[in-house]
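Peer 1: Construct the complete structure from the given sequences, taking the supplied hints into account.
Protein chains: 2
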Amino acid sequence: MNKIITIGREFGSGGRELGKELAELLGFAYYDKEIVQEIAKRTQLAEEYLHAIVENHTGIPFPITVGRTLYHHNHGGEYLLHHYAHVYSEQANVLREMAERSDCVIVGSCSDYILKDYHPVRLFVYAEEEAKVARCRANADEHEQLSDKQLRRMIKKVDKNRARHYHYHTGQIWGNRTNYDFCINTSAAPLKEIAEALAPLLKNIKAER
Amino acid sequence: MNKIITIGREFGSGGRELGKELAELLGFAYYDKEIVQEIAKRTQLAEEYLHAIVENHTGIPFPITVGRTLYHHNHGGEYLLHHYAHVYSEQANVLREMAERSDCVIVGSCSDYILKDYHPVRLFVYAEEEAKVARCRANADEHEQLSDKQLRRMIKKVDKNRARHYHYHTGQIWGNRTNYDFCINTSAAPLKEIAEALAPLLKNIKAER
Chain A
1 MNKIITIGRE FGSGGRELGK ELAELLGFAY YDKEIVQEIA KRTQLAEEYL
51 HAIVENHTGI PFPITVGRTL YHHNHGGEYL LHHYAHVYSE QANVLREMAE
101 RSDCVIVGSC SDYILKDYHP VRLFVYAEEE AKVARCRANA DEHEQLSDKQ
151 LRRMIKKVDK NRARHYHYHT GQIWGNRTNY DFCINTSAAP LKEIAEALAP
201 LLKNIKAER
Chain B
1 MNKIITIGRE FGSGGRELGK ELAELLGFAY YDKEIVQEIA KRTQLAEEYL
51 HAIVENHTGI PFPITVGRTL YHHNHGGEYL LHHYAHVYSE QANVLREMAE
101 RSDCVIVGSC SDYILKDYHP VRLFVYAEEE AKVARCRANA DEHEQLSDKQ
151 LRRMIKKVDK NRARHYHYHT GQIWGNRTNY DFCINTSAAP LKEIAEALAP
201 LLKNIKAER
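As they're listed, the protein sequences go chains A and B. If you read the first sequence in this note's numbering, its first letter stands for residue 1, the second for the next number, and so on. If you read the second sequence in this note's numbering, its first letter stands for residue 1, the second for the next number, and so on.
Certain hints may be false.
Incomplete in silico selection of chain B near chain A, CB under 7 Å [to be verified]:
1. Glu90
2. Ala92
3. Ala188
4. Lys192
5. Glu193
Hints in this document: simulated from the structure, not taken from any laboratory. All C-beta atoms in this analysis are idealised placements derived from N, C-alpha and C, irrespective of residue type, glycine included.
Peer 2: Written out as structure tokens, the structure reads:
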């Protein structure tokens with residue numbers, strides 16, 4: 001069985017960077033945006049729309065482009081629920097194929113829950129609010145510059161949506177320690193040092209536990 | 001400023017063993033039972049009684065020996081509240097003196113909260129239920145052998161009391177990631193390997209953060 005490391009993360013906490021660093025140190029494949037890209041290919045749905053469903057579960061109270069068609073939210077809740085279920089099922093297929101292919105690090109997408117039969121090592125990455133604001137600012141494009149207050153509001157909203165999405169599909173509480181093996185506050189130490197400490201530990205954990 | 005590592009832990013999770021291992025690897029002092037012993041010296045209260053207050057906050061609905069005197073719970077709630085406050089204040093003094101003395105690892109006793117001005121690295125240690133039952137069984141004296149069901153009930157009760165005690169004094173939720181820097185599920189890997197991974201990382205974290 002391959003070794004799978006899943007990463008849940010607060011927005012702006014550096015979870016993706018930590019995942020990339022770990023994948024590099026361990027020589028593992030790394031999947032993040034690739035998940036949505038793969039679902040998009042299979043379902044012919046737009047990536048932006050999929051991203052909203054797979055990660056944020058926003059309820060999408062605005063006109064959306066699905067494939068080449070413009071849908072309005074007044075198509076009703078039933079239509080959307082059908083869509084969620086369809087996308088989640090495809091998401092599960094994509095994640096399982098990735099897990100079968102090789103050792104890998106997978107970010108987000110309820111991967112800790114969907115892949116539980118593969119006994120992944122489940123990380124959850126979080127940070128102090130000020131550190132998340134600073135990271136979001138550093139990663140933003142020039143034209144995306146928001147005030148600290150706006151960034152704080154955005155971080156809160158994205159995380160709230162992630163928690164709702166996670167709970168919707170897993171019945172579990174997002175970020176609750178009982179769903180993870182290691183919860184890491186990236187405000188405590190540089191990402192590189194955290195990755196270097198974790199890599200040998202994760203390497204030693206057997207896939208068949 | 002000295003480097004302080006605090007450890008909150010679920011009963012049976014191996015938090016004390018991990019703390020001891022870390023203290024040894026880092027060459028730090030290690031405080032656990034010493035805290036209650038020191039409070040006992042200063043307050044002339046019995047260790048057993050102090051342990052119930054400092055760690056478990058059980059409400060103590062039975063006759064207790066305080067120093068040399070037998071008190072009954074019908075002395076009333078006010079008396080007990082006064083006692084809690086007195087002991088907590090002495091506990092804070094003891095912890096601060098330990099923190100001033102040298103680099104150290106401190107287990108339990110709301111140390112992460114009481115010593116927050118020392119910017120401790122705050123660990124929380126937990127484990128899967130089966131692993132906790134097995135550890136409790138392995139650590140128990142022969143005459144203390146309980147059934148798995150009894151052990152499960154005891155683990156739940158001790159942790160419930162710890163959570164209540166922590167919340168009473170800190171207003172925070174015990175074991176909630178936001179109060180900690182690293183939350184560690186000891187079911188994921190051997191304690192020794194976890195300690196060896198963490199030690200260099202913790203060593204690098206500056207005390208003045």
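Peer 1: If a hint holds in the structure, say so; if it doesn't, say that too.
Peer 2: So, going through the hints one by one against the coordinates:
1. Glu90: At about 30 Å, which exceeds the 7 Å cut-off, the nearest Cβ of chain A leaves the hint on glutamate 90 of chain B violated.
2. Ala92: violated (24 Å)
3. Ala188: Nearest chain A Cβ about 4 Å off; hint holds.
4. Lys192: violated (11 Å)
5. Glu193: Holds, because the Cβ-Cβ distance from glutamate 193 of chain B to chain A comes to roughly 6 Å (cut-off 7 Å).
The earlier numbered hints that this structure contradicts are 1, 2 and 4.
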